[in-house]
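Undergrad: One letter stands for each residue in the lines below.
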Amino acid sequence: MRRASGVVRSPFVASFDSLSFITDYGLEDGFVAACHGVAARIAPAARVIDITHLVQPGDVRRGAAVLAQTIPYLPPAVHVAVVDPGVGTARRGVAVKAGDSILVGPDNGLLSWAIDAKGGADQAFQLTNGDLWLHPVSPTFHGRDIFMPVAAHLAAGTDLSLAGDEIDLADLVTLPAPTSRVRDGEAEGEVMSVDRFGNVQLSIVAADVGRLGVGFGSPLVVRTGRRQLTVPFVETFAAAAPGEIVAFTDSAGLISLAVNAGDAAQQLGLPPGAHVRLSAAHPS
Amino acid sequence: MRRASGVVRSPFVASFDSLSFITDYGLEDGFVAACHGVAARIAPAARVIDITHLVQPGDVRRGAAVLAQTIPYLPPAVHVAVVDPGVGTARRGVAVKAGDSILVGPDNGLLSWAIDAKGGADQAFQLTNGDLWLHPVSPTFHGRDIFMPVAAHLAAGTDLSLAGDEIDLADLVTLPAPTSRVRDGEAEGEVMSVDRFGNVQLSIVAADVGRLGVGFGSPLVVRTGRRQLTVPFVETFAAAAPGEIVAFTDSAGLISLAVNAGDAAQQLGLPPGAHVRLSAAHPS
Amino acid sequence: MRRASGVVRSPFVASFDSLSFITDYGLEDGFVAACHGVAARIAPAARVIDITHLVQPGDVRRGAAVLAQTIPYLPPAVHVAVVDPGVGTARRGVAVKAGDSILVGPDNGLLSWAIDAKGGADQAFQLTNGDLWLHPVSPTFHGRDIFMPVAAHLAAGTDLSLAGDEIDLADLVTLPAPTSRVRDGEAEGEVMSVDRFGNVQLSIVAADVGRLGVGFGSPLVVRTGRRQLTVPFVETFAAAAPGEIVAFTDSAGLISLAVNAGDAAQQLGLPPGAHVRLSAAHPS
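Protein chains in written order, with our numbering: chain Y, 1 to 284; chain A, 285 to 568; chain S, 569 to 852.
Hints are computed from structural coordinates only; laboratory data are not their basis. It cannot be assumed that every hint is accurate.
To be verified - Listed next, the stretches of chain A that the computed footprint assigns to chain Y, with coverage defined by at least 3 CB atoms under 8 angstroms from CB atoms of chain Y:
| hint | region |
| --- | --- |
| 1 | 367-377 |
| 2 | 464-477 |
As the list claims (entries may be wrong) - Computed from the model, here is a short list of chain S residues facing chain Y with C-beta under 8 angstroms:
| hint | residue |
| --- | --- |
| 3 | G811 |
| 4 | I813 |
| 5 | F816 |
| 6 | S819 |
All figures in this text were calculated on a predicted structure; none of them were measured in a lab. From the three backbone atoms N, C-alpha and C, an ideal C-beta is built for every residue, glycine too.
Work out the full structure, taking the sequences as your base and the hints as a guide.
TA: Here's what the structure looks like:
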């Protein structure tokens, strides 16, 4: 897709004020800072918003969820995501235009939920243009040597089509969407994640609990494995008595289980991925 | 307090280059980044200085102490603080002008020591103007949907009086000031906090130890519960022998107990809140 | 070295867009933010890139290694490093010009490997000019009151020679360089550090393994204490089978041991400082 001439016709030439950055690099080493430095050298005017760097090492699904839930609140940006257990292998690097933003990272599904949150992919390029990379490229640190340099060049105004070869949108790797469905009077889903407060986020969207006919103050039956408990569905966990388990709609629009002033994940023993079903205590 | 017309007369119209931000949100999720994104959209020119996001969940007192001890070193700013176990309940959100700054957060005492550090509140407004918020407002994430958007609008030049209804300064919730008093030749206080180095910060101000007649190099008797130990009062813990317990004036002007190259909190078993009394080894 | 007149002739008058910052202050307190605030007041136009603040308390060697491995990717900057177990004692504070940057911190060896990475020191000054400090100076927080204020003044254009008295480059404290040598067909070194992924970074440079005649795919014998194991030398750990121990050249150009999707440090029980020897499985 690169043109022999310097003239590029593009439907999407723009520069960005912002980069966002999410990885599993941790905060104890200089990995994140090296990428910040690379961004500052190439796109000195761009601000970098760090989403988190504490995704569990290699947990692509968790990275995808945090990115997708955060991206609606970020400014238009080049979003760089690196949770990349396959770094240095055949998996592709990609830059994907979606809505007002560009997403850059490994093509392993990490970007897919965020692309959905932006209304779907408009255009995608495999990162094959080494002119935008830092050389020599370390086989184990593409965040520093490929993803961030490419993203910073794009933020600074380099045309997206110069990132590499255009690829078919249907070929982008996607993660299976988290389950949220209503069947036989039950909303089914799984544990998406556990936050710092021990709140257990389910993949079940608030609308599905609405379809069960459960309103604020109503009891909700939670089934998981062989266990079953009935908890109030409340507007906010702070309304609950200390120690009480409640269900509420969290800030991402998903049903979460919480213990006011306590740790629901610990108390319920619900790890990410666990299957959960919700129903009205008295089916309406 | 909102005017029907667009014309606002105010004693304090200003924009700010900086926001500061302290929460108990942790660094593993996208919560902090969502707030940064909101700030970048509303006040793109403002820098955000993160104070810490590792306040223990719901520990209002700890958040208040860190904010108050840090704010003297920050530039004039809109300071956003969210340690908010009552989020979504009746507790008010407020914006308070104090000295060269504005503080925004829940009215639960979190802001009170920082307001004192800024010389006291000049004007306070309850956050009732929904025009400045992000909608829909999540009942559990006012940091993203109320506090940060309001703060960013204020940083960008929106008049403080537009934040909502002016309230009586006497109605602001305040935390009881940490104890520091001298009585019967003893300085009394409590453990304020324990830092990363295991240094135990007391609420006792350096001047009170001065009033006991204890100078550098003199022995200081530390009483806590039934225990009593005598430690040297030194200028800096680095001057002590490795493993030696010492007392010194810390960087916030408070008496702290430290073990050079060790962890005083662990060694002394002193948790936050523990009552402590100090006296001269030989009363002068 | 300070001039009585206001006229200063200097070989290196410049201002910097960037500061970088590495400490052992941790992220739970307001220490880092106080320094950011000081920088923002003195050099409002400078961006601060945080390298890490999670160096283990007092671990000068670890701080030196992270700084030296990160600095090549940072823009020209005033780099502030504070891992300073001797704070408040006789150890000097210094500002050192090296290549396109200035390094500021305690003269305890912390800066030395980064100075080497920048091609060596050109000029060094002891921080004796209190006009650039924040007063009163806390004896335990020179990061806030001396190092960062001096660095911010230098970033804002203050001439380096105004930092204090020029000192002899030979008097700068240096850490012994990490061992990497080839002897009797073995590359010798030690464990430099362990990263978040459990990868064990050795002090042995990739070129030394090349000198052993070991190429990608060849087996490498790893000897440490009484243990010996043979692992493949690969281009990237992601190429290995899950659970397999491999050796590879890491992103800093050093030999590292890794377990794909596992924790090599834990599995091998290799702490920083442990002596390690590498050799070809069949000497070539």
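Undergrad: Against this structure, judge whether each hint is valid.
TA: Okay, the hints, checked on the actual structure:
no.	hint	in the structure
1	367-377	holds (count 5)
2	464-477	violated (count 0)
3	G811	13 angstroms, violated
4	I813	15 angstroms, violated
5	F816	7 angstroms, holds
6	S819	3 angstroms, holds
In this structure, the earlier hints numbered 2, 3, 4 are contradicted, and the remaining ones agree with it.
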